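*Asks:* Residue numbers (this note's numbering), protein chains in the order written: chain C, 1 to 237; chain H, 1001 to 1107.
Be aware that a few hints might be false.
[What the hints assert, rightly or not] Listed next, the stretches of chain C that the computed footprint assigns to chain H, with coverage defined by at least 3 CB atoms under 8 Å from CB atoms of chain H:
#1 72-83
#2 132-144
#3 149-155
#4 174-182
[Said to hold, decoys possible] If the Cβ cut is set under 7 Å, some of the chain H residues that face chain C in the computed set are:
#5 V1004
#6 T1008
#7 F1022
#8 V1028
#9 H1040
#10 V1057
#11 R1071
#12 G1082
#13 G1083
#14 R1086
#15 A1091
#16 A1097
#17 L1099
#18 M1102
Treat the hints as calculated values from the structure; they're not laboratory data. These numbers come from a predicted model, not from an experiment. Think of the CB as a built atom: it goes at the ideal place given N, C-alpha and C, for glycine as much as any other residue.
Letter by letter, the chains look like this.
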Amino acid sequence: MTTETDKSIFFKGVRDAAPFVLVVSPFATLFGVVATEAGLNVLEALTFSFAVIAGAAQFTALQLMVDQAPVILVLASALAVNLRMAMYSAALTPYLGGAPLWHRALAAYFIVDQSYALASIRYEQNRQWSLRQKLIYFWGTVVPVCPFWYLFTVVGAVLGTSIPEWMALDFAVPITFIALIMPMLRTRAHLAAALVSVVGALVFAFLPYNLGLFVAGILAMMTGAEIERRTQPEGGA
Amino acid sequence: MDSVTIWTVIILLGLGSYALRFFFIGIVGDRPMPPWLLRHLRYTAVAILPGLVAPLVLWPAATEGEMDPARLTAAAVTVVVGGWTRNIIAAILAGGAALYLMLYLVG
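Just chain H, same shape as in the assembly (with noise of 0.2 Å):
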């Protein structure tokens, strides 16, 4: 990889995510959005986060793509936790905690 691949990908993306950024709220700003708009935008996060770790949770690139017990263990045991407890950090650390625990054991 040459080093002028490198920076345009950094200087073309970082220009870029800002963009995205900036849109909304820099563009629209305190213009009224209209009700349905924002009803769908309610959703955004719980829209996009579960479909982003689903398939990192099915098919690790860590694994190359195979289905790993500990690796489903462990984001098991982060979806009971957080729902339960609705903690975030407990979630993550009863996620960690289940990832050694089955890399130990598992192998």
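Bound-form chain C, shown alone (with noise of 0.2 Å):
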């Protein structure tokens, strides 16, 4: 293990997380800016995406709030959409569960969708890879993610109401997520996990507290598993 190989699994998860730039900052950008016209400071805005470094949950909290919610409706919806943190947090588990616990507590607050995603492709990919460098690419993949995020909420915050509407930045999440999964269905059992959670939220969207989401996302995991049993017995994806 010299350091050249450290550098270069460091540089793979760079450049794979490097594409998230154009994502993240127009997303970070949106979240400024509504927060700012939620009438939050700038501070507040760089904070909030600080502390919660997760959009999904920081546009339906700020939504929420804008609509005079009760603080406990906020949390709960906020805290119902990062609930594919600890999902994430617990794929992770197999590979990075061996690092030391300061390791894992700082690794922890790292886990983003893009972390994520990118590192157990890759962790499935390159299976010889020691927990070290796991733990390399799986910073490497922090990099170009998280800091833009807190830079970005300041720029759109500062911005405030300057962005014209025309820019549409609000389809810069869902256009982010597809081009995310759908690299990721690579077997019939992926595909069908995919289906059953779109399906299952549309159908489910009715329920409060974005309580559909969850209904879906367990029916679809269970899908997934069911078929993967079905046709690989012996486990492997």
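Using the hints, put the two standalone chains together into the complex.
*Replies:* Encoded structure:
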């Protein structure tokens, strides 16, 4: 395990995550803009992004705060949106669980859609990687994502309401997520899980507190796992 | 919105989000997890993200929940290009281009 190898794995992570700068930046900018419109100042918007570091949950919380929802409902809904972080954490545990507690505690904060998605794809492709190499890759993916999340929240908060509506920044979110999902659909089980997720989320959209997404998510996970169990009894993915 | 509410939400949501992220990787650590659980966890991303996106595509908040041809087209183009090339950045650029083209054409 030479320094060169560590370095190349780190930069592999940076390179894999680099395209996300193009989507994280507008998304964070949008959050800054929306936060300012909702009445938050620059410091509050930045602290929000720093503390929560999860776009979908931040937007959910902000929307409910604007609607004057009670704090408990704001928290419940935003945390429900963020429940997937617990699932990401669980999914990374078999790979990174052997790291020292301080390292796991630090990495946990940086578990976001992009770092999770890239790490889980690369860890499956590079099963020979040591724990150390897996951690180095993880940190590589964080570098082009999280600092830009903070930075562009500030940019958005400073720009405030001067971003024209025609730029349709709102749709940066769905496009990013779709682009992220498509390469993951590499087996029938993954494809079926994604379809159940979409149909379930729409069918159960009437449920309060974003519970529909979690009903759909659980059904979709069960679908994927069951198809995998039937088609690949030895358990490879 | 008063600043006490804002800071309460920021602090509690930050702590709650960290707790969610820390729970498995921090508490479970390298204790082995049962195969059935791991089998389910392999599908977390494909189980959650499509469901998160679908309502945003069909009922965008920017149009107050009304279906929007520009956003539907952009999503469809992203799906097709992403599925075809398996290239994340190509899919994003194609989706963004489709969105602006459609917004320009349809208004």
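*Asks:* Hint by hint, note whether the structure agrees.
*Replies:* For each hint, the structure was consulted:
no.: 1; hint: 72-83; result: holds (count 7)
no.: 2; hint: 132-144; result: violated (count 0)
no.: 3; hint: 149-155; result: violated (count 0)
no.: 4; hint: 174-182; result: holds (count 9)
no.: 5; hint: V1004; result: violated (10 Å)
no.: 6; hint: T1008; result: holds (6 Å)
no.: 7; hint: F1022; result: holds (4 Å)
no.: 8; hint: V1028; result: holds (5 Å)
no.: 9; hint: H1040; result: holds (5 Å)
no.: 10; hint: V1057; result: holds (5 Å)
no.: 11; hint: R1071; result: holds (6 Å)
no.: 12; hint: G1082; result: holds (3 Å)
no.: 13; hint: G1083; result: holds (5 Å)
no.: 14; hint: R1086; result: holds (4 Å)
no.: 15; hint: A1091; result: holds (4 Å)
no.: 16; hint: A1097; result: violated (10 Å)
no.: 17; hint: L1099; result: holds (6 Å)
no.: 18; hint: M1102; result: violated (10 Å)
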